[in-house]
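A.B. asks: Use these hints to put chain V onto chain B, whose structure you have.
Number of protein chains: 2
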Amino acid sequence: MDEEMPFIQGHLITENDRITYIGTEAPEDQGQFTEIVDGTHKVIMPGLVNTHNHAAMSFLRGYADDLNLQVWLQEKMWPIEGKFTALDVKWGTALSVLEMLKGGTTTFVDMYDHMGEVAKVVEMSGMRGCLTRGVIGLVPPEVQQAKLEDAVSFAKEWHGQAGGRITTMMSPHAPYTCPPDYIEKIVQAAHDLDLPIHTHMSESPGEVEQNVKQYGERPVEHLRKLGVFGRPTLVAHAVHLTDEEIDVLKQYDVRVSHNAGSNLKLASGIARVPDLLRAGVLVSLGTDSSASNNNLDMFEEMRLAALIHKGVSGDPTAVPAGTALRMGTADGARSIWLNDTGMLKAGMKADFIALDADQPHFYPKSNFISHIVYSASAKDVTDVWVDGEQLVRKGICLTLDEEQVKYEFSRCFERLTQ
Amino acid sequence: MDEEMPFIQGHLITENDRITYIGTEAPEDQGQFTEIVDGTHKVIMPGLVNTHNHAAMSFLRGYADDLNLQVWLQEKMWPIEGKFTALDVKWGTALSVLEMLKGGTTTFVDMYDHMGEVAKVVEMSGMRGCLTRGVIGLVPPEVQQAKLEDAVSFAKEWHGQAGGRITTMMSPHAPYTCPPDYIEKIVQAAHDLDLPIHTHMSESPGEVEQNVKQYGERPVEHLRKLGVFGRPTLVAHAVHLTDEEIDVLKQYDVRVSHNAGSNLKLASGIARVPDLLRAGVLVSLGTDSSASNNNLDMFEEMRLAALIHKGVSGDPTAVPAGTALRMGTADGARSIWLNDTGMLKAGMKADFIALDADQPHFYPKSNFISHIVYSASAKDVTDVWVDGEQLVRKGICLTLDEEQVKYEFSRCFERLTQ
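Each protein sequence line maps, in turn, to chains B and V. Under this note's numbering, the very last position in the first sequence is 418; numbers go up by exactly one each time. Under this note's numbering, the very last position in the second sequence is 418; numbers go up by exactly one each time.
Here chain B stands alone, though its shape is the one from the complex:
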């Protein structure tokens, strides 16, 4: 992702959690290294950064396909999610972390409940997580208050933990699920803690209409007036935007997590990604949960981002491969303020992955950036490192016990669906 050197055949050296060298020249004394990894037939690239997920919702993969967003949320997702215990969140998240890690995602954003469980899974897995307790405010004041306190105490307790691999944010779930005064309280808490804000915004046409009806303005202006954009902010979706709203996002440096697969599946619409990019808004990629995707394959998100905007706009140069790759890596990291992650460059964090490029769909061995975006999948990932630690080796996760995770996940699922 270094623009001066987009693709090389060469060597990469790490020390502790950092990359110390990348280049075509071989290091002189190979005896100085504690470990040497042979990269023959491998593509080494930055780990993928998934900027929007609700990992515990893996229980709901395939549970309610082909429905519209509000029905899907209110009649299908929320009732079963209401039954989730801390144990379910633990194992649901563990299954997703396993899927993400094995598929080359080294950092993810997670917004959910029982976030202490999520943080513990992230800590154990070795992955990097930007975590936030999402709060829905359509509840009595004392419940609102309790949720906010839970969000604050989670954010405080875990920010900077796991050797710095965990950071936290504050999250009103969405303008349509949080009354304005509640959003203001969350913004104040974010100021007090000096943390960014993450929220869902303008995902479906219906919620934009409802916002206008209820508050007299569209979501962007509504959130701006409530002071949200006075904090560093990452919004998920941002599908339905006017030109003026795009200008506001740019002006306040609001970052957008584009969830191409989820937006298609829930028929939410096609985000104005080429316009956002043209305006200079920082756009990254998120899978959203596996309930609306239905996998956590970030290669697929890069491919969708590169493909759909061409097909819909009629412009085959929209979102070229290099742009999609940057959205899935370096720009994903920058979107969550991890400026030393997401790029293979001396001084950056040693978060990187290896793909098996000795397969038919990587031939001819001519244009690997194209192959990564247009041809690869999560299943091509063989090895994964975060902070210089190897977490996946030859497709096997070294930090989580896959058999245990699948077994415990299935036990939870049986109980939830009894």
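The set of hints was computed from the structure by calculation and includes no laboratory data. Please note: incorrect hints may appear among the correct ones.
Said to hold, decoys possible - In silico lysine to aspartate or glutamate, EDC-like type, Cα no more than 20 Å apart, as pairs: (1) V/K90 x V/D401; (2) B/K365 x V/E221; (3) V/K185 x V/E221; (4) V/K365 x B/E402; (5) B/K42 x V/D181.
In this text, all values refer to a predicted model and were calculated from it rather than measured experimentally.
C.D. replies: Frame of chain B; chain V shown alone:
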């Protein structure tokens, strides 16, 4: 794909090239079988049917991304394809057949030149192929005549070969690349040989405009008047259609190969698949070549077909998972008149594949049809059978030597790009 029994946990028996039993009851005497395959943790499903490809174009994967169709074809594809020898077609096709087979595609349609080489690769691989020599008629009359004779002699020689696994068709490349009188000659040849016709149609807005300008009518009416639809016909793309054109396709039982990935990548547009399905047109799925896709993963095509029409129409019920799965299997087979293929049912051809379902993205083990369409990829395929013969075992192709194919392919690629 049997609508009465969409998904079961049970047993499947084959004898020679046919399925003789599928059901939940175990067969009584297991000693009667020559081979028993343990399907624990496996999903067994019909092999995928790819109804539009130019397999030899694997050399051009990543060669010219992010350009519009006419520039891409005329300035990038055709000049390098002009250099292709029979040897290139052999190894380019072999690489694609390897990719397709390992990824669960058991039948493909191929339109190209040097088709004898393609047929020999198909024969050796054990795969099923519906093959056709595509002819471009913008050449002097004697070259037109020679190409037509080549197409006829290929179609005659190979139809019904390889134990019936190979069938053939006649193919004018497209209305914009074949003068009307040449198309009529090809139609006459198809009548003489009693073979179907395959052609590209209405892929980009530009070619539809050109057709109107040059011939005074849109491609569907143009082809209808030339007698094309008097033969059984499969058209690829059919992106730009009017309501009246959809009616004509239905009236003549013209089958449409929907190439979702290719149409997006080349910014050709979004085919009116929900409208075609509503009208009762038989729609199947094709990858098109890896130059415009860029892989041959039919799971991705099913997923794209299920996703993009939701996102574009705003209707989350458009192309549900079961429909996409049928398009990729049973309807694909019917589209090329293989009515005894594409379904797991007693009496049908024993073309089926096994997926490793013991992976995080197949959990919970609740809705496998959803998981196949929305979560799986070519890389989940472990085993492949065609005509009851096992062609891929634990991810290894048993009929083609992968190392040899990659080596010879790379030698050809070097020569082509010198």
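A.B. asks: Would you mind marking each hint as holding or not holding in the structure?
C.D. replies: Hint check:
Our distance criterion of 20 Å between C-alpha atoms is met by V/K90 and V/D401, whose separation comes to about 14 Å. As the CA atoms of B/K365 and V/E221 are separated by approximately 43 Å, the hinted pair breaks the 20 Å bound. Annotation: proposed proximity of V/K185 to V/E221 holds, straight-line Cα distance about 18 Å (limit 20 Å). Proximity of V/K365 to B/E402 is assessed by CA-CA distance (about 15 Å); at most 20 Å being required, the pair is judged to hold.
About 52 Å separates the Cα atoms of B/K42 and V/D181, which puts this hinted pair outside 20 Å; it is violated.
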